[in-house]
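So the protein lines, in turn, are chains U and V.
For the first sequence, my numbering gives the first residue as 1, with consecutive numbering after it.
For the second sequence, my numbering gives the first residue as 1001, with consecutive numbering after it.
A couple of the hints might just be wrong.
Cβ pair distances, simulated, as ranges [claimed, not checked]:
#1 289/U / 1321/V: 39 to 49 Å
#2 1253/V / 136/U: 56 to 66 Å
#3 290/U / 1321/V: 41 to 51 Å
#4 1395/V / 109/U: 26 to 36 Å
#5 329/U / 1321/V: 19 to 29 Å
#6 1076/V / 210/U: 14 to 24 Å
#7 1130/V / 289/U: 38 to 48 Å
#8 313/U / 1321/V: 15 to 25 Å
#9 1236/V / 144/U: 53 to 63 Å
#10 1320/V / 151/U: 51 to 61 Å
#11 210/U / 1358/V: 22 to 32 Å
Some chain U residues well away from chain V (every beta-carbon gap over 12 Å; in silico) [to be verified]:
#12 113
#13 217
#14 328
If you want a taste of the chain U side facing chain V, the calculated C-beta under 10 Å gives, among others [said to hold, decoys possible]:
#15 156
#16 191
#17 195
#18 197
#19 199
#20 203
#21 204
#22 206
#23 208
#24 214
#25 221
#26 225
Hints in this document: simulated from the structure, not taken from any laboratory.
Note that the structure is predicted; figures quoted are calculated from it, not measured.
From the three backbone atoms N, C-alpha and C, an ideal C-beta is built for every residue, glycine too.
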Amino acid sequence: MTATALSLVDSARPARAVIPARHWRWTQPALVIVAGVLMLGVVRPAVFDLRVFTLVVIYALAAVGLNVLVGFTGVVSIANAMFLAVGGYAWARLADAYGPGIALVSGLVIAVVLALVLGLLLLRLEAYYFAVATLAVGSFATVVMRNWTSVTNSDAGIIGLGYLPVPGLTAVQSVFFLGIILLAFALYFQETLRTSSVGLALLSTRFDAPGSQALGIGIAQSRIIAFAFSAATAALGGALMVQLTGGAFPDQFSITHSISLLVIPIIGGRGWRWATIVGALVVIALPEYFRFLDEYRLVAYGVLVTLVALFVPGGARQLVTWMDTAWRRGVSHLRRKTTSTSGAPA
Amino acid sequence: MTTRASRLVARDLSLAFGALRAVDDMSLTVERGECVGLIGPNGAGKSSLLNLLSGYHRSSTGTIELETSGGVVRLTRTSVARRARAGVGRMFQTPRLVPELSARENVELGWVGRGGARRVLESVGLPGGRRLARARATAAVDALTRVGMGDRVATQVAEMSVGQQRLVEFARAVVSDAQFLLLDEPFAGLARRARATVADVIAQLRDEGIGILLVEHDLAQVRRLADRLVVMDHGRLVQAGPVQETLTDAEVIKIYIGDVELDIGGAPTGSAVAVEPEPVKVHAVVDTADASGSMTPDPHAQTAPVDPVLVARGVSVYYGSIPATHEIDLEIRPGDALGLVGPNGAGKSTLLRGLAGLLSTRGEITLHGSRIDRASTPRRFRQGIGFVPQSGTAVAALTVAENIRLSWLAGTRRTSYQDSVDRVIDLFPEIGERWNAHAGSLSGGQRQMLAIGRGLATNPSVLLLDEPSAGLAPALVAPFADALVRLREQQVTTIMVEHNLGLVRASCTHVQALRSGHTVWSGATADFDDRVARRAFLGEDDTRETNELEPIEEAV
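So that you can see chain V by itself, here it is in the shape it has in the complex (with noise of 0.2 Å):
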């Protein structure tokens, strides 16, 4: 490589999954010696982004191209390779390294694109090919010592912690000669002096000169790393600008933590639900009200003789090796209501699937007394946890009617088939009235109606839902709260997973919050104000990650 890149440029790219648009017509520019934070909820596109830079799916539109002293390099069609080879480099969200080479022959893979001819010497072990043999493991020993890697350079990667792993990516990277790098959540399930030492890498290879896109829900290491910001939703570009400016611009505040404000209606568009939910919003927070008071003790009264449901004692839920919650403590007695709110990546669902079994846990969890932690998925379903994953639920060839008797198959048979579908019925009759029609033919609200049902069908000590609330119409959004509100009525229990902070005011009676797998905070729902969300979800005065979190808990 003899001309250096001094631009990457990205103009109008759109991508498209069927009807779903996931990036629409997005630009974005990244300097050499810049890092360029790109943030944004789940789902607004940001890694579709980095995989049409580097060329894992194809643009519909736009053009991709690397400014060079040598002239305008065009990326658009090339592939995946071509593109590593041209200098744009591309790390995962989790360390993505071949574990039973060591770590320099790991970092030497950053380097195999290289070496033309010789590398054909090299392997027919002729003595032109030595050379480069040589040369490479210097670089890579070189690269290695670089990111304070230098004494583990022959141990096995598939010894190495998750935090070496993704200093050896690094070192790769170096070694690879990429003038940008694009990286997916690098601080992902790594602990906290582990993130610092990445954070000192990122920042040493920005000032040499390479151009860094850095996705990333941890704001701390955003806001110390990053030079500017773009904030993406829905795949279209919200807001950049200087990073601290840009956090705090209400924009970017509502779609990061939900409206901090809001009412019930309170999703992106409110407007349109400004006149109807106004009823049914009262509805909710007397409801709320008055479950707090007489039907749920209040968590700081300790006199309810009330014993809970289900209890979580430090519960870590691991993506392979990688912890993505730490030892997280949980608690709920019958007919509550917790929402788990936190930013993204705070490992709010990874631990609702853990609880539901679906991914490895340490810890204890036990339900009604018993322990359920080392029970398969189907067992725990039939001793009562009910669990409603974010999307894709139902069956779609199979009708509402027996996509329900399914779930009811699947669950705890506590009551008979004919009361369970009375009981979801009862609370969404718009899904009795589509009884026998195709579940793939519902709408959106209704498919998630129908989810809840199934959740429900399965007759649940505890009902887990994974953000509720996600893919409704923000004029379903106070009709649901109140169905929320009519289940807890009923002694369901429920741990939900929501964005909408509005709803969870409504429809729950404690709150838990998460940031970076820990928990930040918890307590009821009333203690739960403006001020204590923002500190939550932004991380505001916390740069220096210690444990000043722990003042908000007194000072509720």
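Here chain U stands alone, though its shape is the one from the complex (with noise of 0.2 Å):
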């Protein structure tokens, strides 16, 4: 009677999940850059290929900082086509008068201060108001590029756009190196962050706001950190889109690449490290191999997307999840049956 499913405190539960010591944070930009520098020199993909796999890179690095938005607090932004916006213009308009480096770190300030004005603003709402908030704001960029004129020359744009060469390799290479390397720092940073304290306070915003107020969080601070984060990764993203395209338009930094963006980390998997890559890889590179479908290319994709929605809704993490405990049975049922064959002689 004493004894139910309640079980007691020194209880002899496995130790099943348990999580290793910290990453070594290098690991996974390490990956990249290696992925990246292999892409180049031995790959050598034709030209169509390596430029969708540059617009994946910048995706991907675009939407790092969503990724700890999303993923770690929680809080939804339809907002951040506008930081790309931000990046690209300052790329378009200070490049070439101040050199790269000004024109990098000026978009990734003026995105950084205005994420947050925003998130001061707008952040005390609750999360899916400020979702819908952020989609407001996201529209009205949109008209504040296109009649700007002064600044983004409207819907014509600004055209003629340098690029950050890099030694021996053409236009394209150059924005995939920079944006491999770029990722890789926008990775390594997710990871730092993840493990820190300030991003432990974070994730306890997502699961329990008010319980982690009681152990002296500030919600509001907390969720304007992911943002300002969001707005930085994005920033730079938007600098790599105008090098890539050789111009910067209204077009390029719609409301439908905020939510491109948005998607990303979501199919990925909310707040794994790897999100972003698989998420803009499905969400950027696949309907472009889906040209072979012709006019039912977007029904593909968006059936795709719909399937995944409903019976993957963590994202490709899950999949990973579901092959890696898949495997894990594998490998013990088979080193059972190997223990019981070669005990059964004895």
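Once you've looked at the hints, go ahead and assemble the two chains, each given alone in its own frame, into the complex.
Pasting the structure below:
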């Protein structure tokens, strides 16, 4: 009667789900750089394919911050194409005059300041209302881009933009290489943030916001940090995007692109350290390789995304977890088999 | 934190939710190294007071101060996070950890408010932060070792039992350097051995100089840990003083277990009904005697061939993963009325909600011989379970008639709508008079009648009533008891959770007493005397928490 389903304090539960100590933080960035170098040096894809992969890298980079915002703090923003635009136009206006370094950094700084101001204003809202408010802000940003002619040159856009050349590489290859380097850094910061006390605080606000307050964690403060990080990576992505296309146009930074950015970490598996790379491959590269389906391309793609949302809500990470458990089960099954057969004759 | 806080002082705190005064002019002091027990019935305002102290609600009056060696820190208008950083920790009724993180990472969360600029270095992966991270991890492991969880450092919290999670929370409180801990029912949902371990940890923290405010219904633990007691009811201070004296105080006993000797009108302001209910009371008591004599068989006389309507076997009701009742057995025959009694937090209302299918359960529940424990709530209602929750039952924007109609539609429809209406009006003529009024315009007593009327309109085989007398003015309790007796005459079987023991005695044929999710006594109402009630409620001579309750059953 007393020993019911409640297991006691010192019951012998197997510590199955043991979380390993901190990951070596350079592992993932190093893998990304190695993959990038192999792509340029060994695989040498055709121009079209390289453009697609460059776009994947750019989106993966731009979405790293959103992965933190959505995956760690559970807050959704539909305005991040605005930060892409900030990075893009900063590059367009400043790269020639002041050099690429200034252009990259100033785009990043402007985006972060903008995010801090917006965060202070909007993040007092409940998470859902914040999402709606960012939608409004994102639409407003599109209007600004179309009408602030002195800076954006309206719909005609700013054309003939340069890129940061890497010796011995073509234009697209240079952008790809720069993207890989920046992505590696962004992933490094994503991982250090996750394992730091700030990152732990972000995680706890997603899980239980009122409860985390009782630990001395400021909810608004945590969310603003994550929002600013999402603006920073988006600004870097924007700067690369205009280098790839050679021009900056309002159409590159529409609400549709905000939604693509948001879908990337969700498809990949919110908060997972590989989420944006996997997500960008699915969201950016896959539609391009569905071109053989002609006009059914987007239909097929839509069906696929819907199926994922219905059956694999955890994104690609969930698939990986399934495969991992299946693998482990298979291994332990095999091991049992071999021990039983080796034990039998004796 | 360089200064050590010596005292947490709250003066004249008040909190109102609309017209309800949840906390009314409460003052309280917690010293370093002392454990203050805060007890009181449900809705007394205990959790609200904790919310005021930790900053989740703002007090409309008064002050909250932390007296430290370096002067007085005013907390009255500060945020939850700031108070936590000042050293006022809060623990909630259910463990609130991040399930996907390891025990150590969860404990490290207690530290995140500290570290200053080095936190920034750490979050961008610079060397200054690495030292901080190492110090934090070491502190977390030390704290886990101190609460006896040293071997579970790397275990994911989702894999842990409630007791283990509770201990991780205590480790987190240690790491956060809390000077004062506000504990909201830390023993809720814990089994006996886990209770002992958690009690040891609390005692240890207290002895190390942390001031503890303990809200707890398990009086055995309160007796063991508290240095003094504060008793609340209706948001006000009722009594404060040494543990033993306070627990034997007449007024405290009255609040906590209802007036054991009471007549039907024995609510706190019993004098108001002293004249009126006398005849009703006699009527009701006669009826009870009559009922247990002829209409319903005595439980000891096993000759009755009547099959039970509702049988529960080994029912455990869960809040998430926390079992609130442990393998309860229960049985009721047609026309009987079973009163579930016991101290707050015993699992009475939980059991009712489990029977109604509103909470997940394990064990067997059969109605008229067929299993219903896997059925959804609407299905159970159609099969003959009626449930009247404690509050907020009627749709305020609909009329009384529409509310009754709604319930009839959801129920078994064993009788026609008109017959159901007649029955309700017959039982509660007052409801009939307000037939076309909006439910929101009814008085508290009328609302309660409507709630029960709605339960009846479903034509249930078994009607579950959760605190039917709650919110009834004392003057209404006697007529209400009378109505319940008449209900039984109509062969409606009822199970009620009720704090007013007078009402239980007057209207129930059987009594089952619960404490800490276990049945501690069950039998006919006539055998439920004051001595049994006292032991069932207060757990007197029960500090060791072994199985000495069996003797009660034998003694009866």
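Structure-based check of each hint:
Between residue 289/U and residue 1321/V, the C-beta spacing of about 45 Å keeps the proposed range 39 to 49 Å intact. Restraint check, residue 1253/V to residue 136/U: a C-beta distance of roughly 60 Å satisfies the suggested window 56 to 66 Å. At about 44 Å, the CB distance of residue 290/U to residue 1321/V agrees with the hint of 41 to 51 Å. Hint check: residue 1395/V to residue 109/U, Cβ distance near 56 Å, so the stated range 26 to 36 Å is violated.
One distance hint, 19 to 29 Å for the beta-carbon pair residue 329/U and residue 1321/V, holds here, with the actual separation near 25 Å. Checked against the hint of 14 to 24 Å, the pair residue 1076/V and residue 210/U passes, with Cβ atoms roughly 20 Å apart. Roughly 43 Å separates the CB atoms of residue 1130/V and residue 289/U, a value that falls within the hinted 38 to 48 Å. The given range of 15 to 25 Å is respected by residue 313/U and residue 1321/V, whose C-beta atoms sit roughly 22 Å from each other.
Look at residue 1236/V against residue 144/U: about 58 Å separates their beta carbons, and that is inside 53 to 63 Å. For residue 1320/V and residue 151/U, the hinted distance range of 51 to 61 Å is satisfied, since their beta carbons lie about 54 Å from each other. Taken as a hint, the range 22 to 32 Å holds for the pair residue 210/U and residue 1358/V, whose Cβ atoms sit roughly 24 Å apart. Every beta carbon of chain V lies more than 12 Å from that of residue 113/U, the smallest distance being close to 17 Å; the non-interface claim holds.
Against chain V, the non-interface label of residue 217/U is violated: not every CB pair exceeds 12 Å, the least being about 6 Å. In this structure residue 328/U is separated from chain V by more than 12 Å, as the shortest Cβ-Cβ distance comes to about 16 Å. Evaluation of the residue 156/U hint against chain V yields a violated restraint, the C-beta minimum of about 40 Å exceeding 10 Å. A cut of 10 Å between beta carbons decides the hint on residue 191/U: the least distance to chain V is about 8 Å, and the hint holds.
Taking 10 Å as the C-beta cut-off, the interface hint given for residue 195/U holds, the closest approach to chain V being about 7 Å. For residue 197/U, the interface hint holds, the least distance from its beta-carbon to any beta-carbon of chain V being 4 Å, beneath 10 Å. The interface hint given for residue 199/U is met, as the beta carbon of that residue sits about 7 Å from the closest beta carbon of chain V, less than 10 Å. Taking 10 Å as the C-beta cut-off, the interface hint given for residue 203/U holds, the closest approach to chain V being about 6 Å.
The interface hint given for residue 204/U is met, as the beta carbon of that residue sits about 5 Å from the closest beta carbon of chain V, less than 10 Å. A distance limit of 10 Å between C-beta atoms decides the matter here; for residue 206/U the minimum to chain V is near 9 Å, and the interface restraint holds. The criterion of a C-beta within 10 Å of any C-beta in chain V is met by residue 208/U, whose closest approach is roughly 5 Å, and the hint holds. The beta carbon of residue 214/U comes within 4 Å of a beta carbon in chain V, closer than 10 Å, and the hint placing it at the interface holds.
A cut of 10 Å between beta carbons decides the hint on residue 221/U: the least distance to chain V is about 8 Å, and the hint holds. Annotation: interface hint on residue 225/U holds; nearest CB of chain V at approximately 8 Å, less than 10 Å.
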